[in-house]
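Just so you know, the sequences run in chain order A, B, C and D.
Numbers 1 to 147, taken from my numbering, label the letters of the first sequence in order.
Numbers 1 to 147, taken from my numbering, label the letters of the second sequence in order.
Numbers 1 to 147, taken from my numbering, label the letters of the third sequence in order.
Numbers 1 to 147, taken from my numbering, label the letters of the fourth sequence in order.
It is possible that some hints are incorrect.
Any copy will do: because identical chains look the same in the list, a pair fits if it lies in one copy or spans two.
With a straight-line Cα cutoff of 25 Å, these simulated DSS-like cross-link-like pairs (lysine-lysine) come out [to be verified]:
no. : residue 1 : residue 2
1   : K36       : K47
2   : K140      : K111
3   : K111      : K47
4   : K93       : K140
5   : K93       : K105
6   : K93       : K111
7   : K36       : K140
Source of the hints: derived by calculation from the structure; they are not laboratory data.
There are 4 protein chains.
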Amino acid sequence: MTAQGFDPELFLQMGRDVLAQQPFSLLLGAELTHLKPGEVELQLVLKDELRQQHGFAHGGVVSYLADNALTYAGGTAMRVPVVTSEYKINYLKPATGERLVARAKAIGIGKTQAVCRCEVYAVLGHEETLCALAQGTITKMGEAPPG
Amino acid sequence: MTAQGFDPELFLQMGRDVLAQQPFSLLLGAELTHLKPGEVELQLVLKDELRQQHGFAHGGVVSYLADNALTYAGGTAMRVPVVTSEYKINYLKPATGERLVARAKAIGIGKTQAVCRCEVYAVLGHEETLCALAQGTITKMGEAPPG
Amino acid sequence: MTAQGFDPELFLQMGRDVLAQQPFSLLLGAELTHLKPGEVELQLVLKDELRQQHGFAHGGVVSYLADNALTYAGGTAMRVPVVTSEYKINYLKPATGERLVARAKAIGIGKTQAVCRCEVYAVLGHEETLCALAQGTITKMGEAPPG
Amino acid sequence: MTAQGFDPELFLQMGRDVLAQQPFSLLLGAELTHLKPGEVELQLVLKDELRQQHGFAHGGVVSYLADNALTYAGGTAMRVPVVTSEYKINYLKPATGERLVARAKAIGIGKTQAVCRCEVYAVLGHEETLCALAQGTITKMGEAPPG
Numbered sequence: 001m002t003a004q005g006f007d008p009e010l011f012l013q014m015g016r017d018v019l020a021q022q023p024f025s026l027l028l029g030a031e032l033t034h035l036k037p038g039e040v041e042l043q044l045v046l047k048d049e050l051r052q053q054h055g056f057a058h059g060g061v062v063s064y065l066a067d068n069a070l071t072y073a074g075g076t077a078m079r080v081p082v083v084t085s086e087y088k089i090n091y092l093k094p095a096t097g098e099r100l101v102a103r104a105k106a107i108g109i110g111k112t113q114a115v116c117r118c119e120v121y122a123v124l125g126h127e128e129t130l131c132a133l134a135q136g137t138i139t140k141m142g143e144a145p146p147g
Numbered sequence: 001m002t003a004q005g006f007d008p009e010l011f012l013q014m015g016r017d018v019l020a021q022q023p024f025s026l027l028l029g030a031e032l033t034h035l036k037p038g039e040v041e042l043q044l045v046l047k048d049e050l051r052q053q054h055g056f057a058h059g060g061v062v063s064y065l066a067d068n069a070l071t072y073a074g075g076t077a078m079r080v081p082v083v084t085s086e087y088k089i090n091y092l093k094p095a096t097g098e099r100l101v102a103r104a105k106a107i108g109i110g111k112t113q114a115v116c117r118c119e120v121y122a123v124l125g126h127e128e129t130l131c132a133l134a135q136g137t138i139t140k141m142g143e144a145p146p147g
Numbered sequence: 001m002t003a004q005g006f007d008p009e010l011f012l013q014m015g016r017d018v019l020a021q022q023p024f025s026l027l028l029g030a031e032l033t034h035l036k037p038g039e040v041e042l043q044l045v046l047k048d049e050l051r052q053q054h055g056f057a058h059g060g061v062v063s064y065l066a067d068n069a070l071t072y073a074g075g076t077a078m079r080v081p082v083v084t085s086e087y088k089i090n091y092l093k094p095a096t097g098e099r100l101v102a103r104a105k106a107i108g109i110g111k112t113q114a115v116c117r118c119e120v121y122a123v124l125g126h127e128e129t130l131c132a133l134a135q136g137t138i139t140k141m142g143e144a145p146p147g
Numbered sequence: 001m002t003a004q005g006f007d008p009e010l011f012l013q014m015g016r017d018v019l020a021q022q023p024f025s026l027l028l029g030a031e032l033t034h035l036k037p038g039e040v041e042l043q044l045v046l047k048d049e050l051r052q053q054h055g056f057a058h059g060g061v062v063s064y065l066a067d068n069a070l071t072y073a074g075g076t077a078m079r080v081p082v083v084t085s086e087y088k089i090n091y092l093k094p095a096t097g098e099r100l101v102a103r104a105k106a107i108g109i110g111k112t113q114a115v116c117r118c119e120v121y122a123v124l125g126h127e128e129t130l131c132a133l134a135q136g137t138i139t140k141m142g143e144a145p146p147g
């Protein structure tokens, strides 16, 4: 803990604890590799079972990563439990390679919502290729889902 | 119409063959339950490993289902190999229950692109609850992804 | 007023009064032609100054119409003052013709948000051509915009 | 680089000539203040007739600016005539002030499509406030709109 009470290691560990409680994130093998308020890096190894019929990562895997990265960015920016209300994603290139890395940031941060952006890269060796762009709204839990 | 060589059973079977070639769809247990040109129903049983920390279906699962249903709707509408270029999804309610059902339709159908819409329902017993709305662009393969 | 206190004529008139208070809607010549809770039809004549360099309606005009129709649908569904939080729009065809008609519905209605869908048609004589699809989130005023 | 025949002044002037051919852009008073391949700044003075009933810029005005800026970014990146296929916009704050400035960039650039991002700022004196984020697909003319 620093004088301001922010401990980067502890913060990352808390994020990893949340991830470890998501069975679907475990199934996909997601790893949280960077986390600070409003900023996150989430990765996964592109195992065979995460691919579609052409050998690329299935769009659902890229979407999962973007969705979850957006949620971490928004949740750590607002420091409250959150849900993803909505997002859009543009696929730029087939996601091939050894792993996928998503990096997301909270851009517009309010009391009940944060609008976040995310880039997803396909990684092969030391080379990263941008393969998707996402943008979405993360909402304080209890505020968002209609109903 | 069989006179024109359209066989509904064969059409559905061809769709299932494609799904069976997607390792990620097998991992998630997706089942194609209806398919005709421009119209699809895709389902999955909500197994424990598809949930997040609150017991709901992970957003990535709902997204996967919407993404894949949109792709089937667009691909069967245009009758060419396709990719999902982009989509947006709004989560309406937590996706709980026994299974998820996505129904998608191609609305604006062109030569190289189809704009499609999808609804995702959570099913418990005989009751369906609308839990997500998606809209996206499906593009003829080789036309869409930049690069 | 009926027994339930809902007067369709009065409801439409109240909607028109709101529209008349929007200088931008007056500039574009928007007309509210149908309004009931969660359902709206908004039109405009495609004057020359609403076009782009190819003679079609400018995308900004189609977007205005979709945005405003989504807002009416969400606002009348929740019966509170609202703002548009976000939306996405797919342009399907060039918007030509004499007028544009947007029809929107609230689909997922909650206490603080409504997720709505909209179709925009270009009208020439008696023929309507679907030219855009939109989907977005309408939020109770004071709840939504970050900051 | 002038050696390669790229003249920044001429490029900006060509962009302004296109804008001058859009009656709707003239109606709204849009000004192109920066343009290079894949990068644009588009502004307008927030005249009274561009506002809604609360005195803020109408969402349709913010959308127009984002839509048009995305189109310029994509069109100058690909150097071909283009149309906007689709975009999504998140409104962050009410757009007040004297003028609005939209800045857009092409991020994923292909032969037939460019995926672009845009930020819209409200300007009061020397202060800029981020009020909207957009992301969309710009497509080579003749490739995109279904039909």
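Outcome of the hint check:
1. K36 / K47: Classified as neither: same-chain Cα gap 27 Å, cross-chain 32 Å, threshold 25 Å.
2. K140 / K111: both (8 Å within a copy, 14 Å between copies)
3. K111 / K47: neither (38 Å within a copy, 30 Å between copies)
4. K93 / K140: between (32 Å within a copy, 14 Å between copies)
5. K93 / K105: both (21 Å within a copy, 18 Å between copies)
6. K93 / K111: Between copies only: 12 Å across, 35 Å inside.
7. K36 / K140: The answer is within: 18 Å in one copy meets 25 Å, while 31 Å across copies does not.
Violated hints for the displayed structure, listed by number in ascending order: 1, 3.
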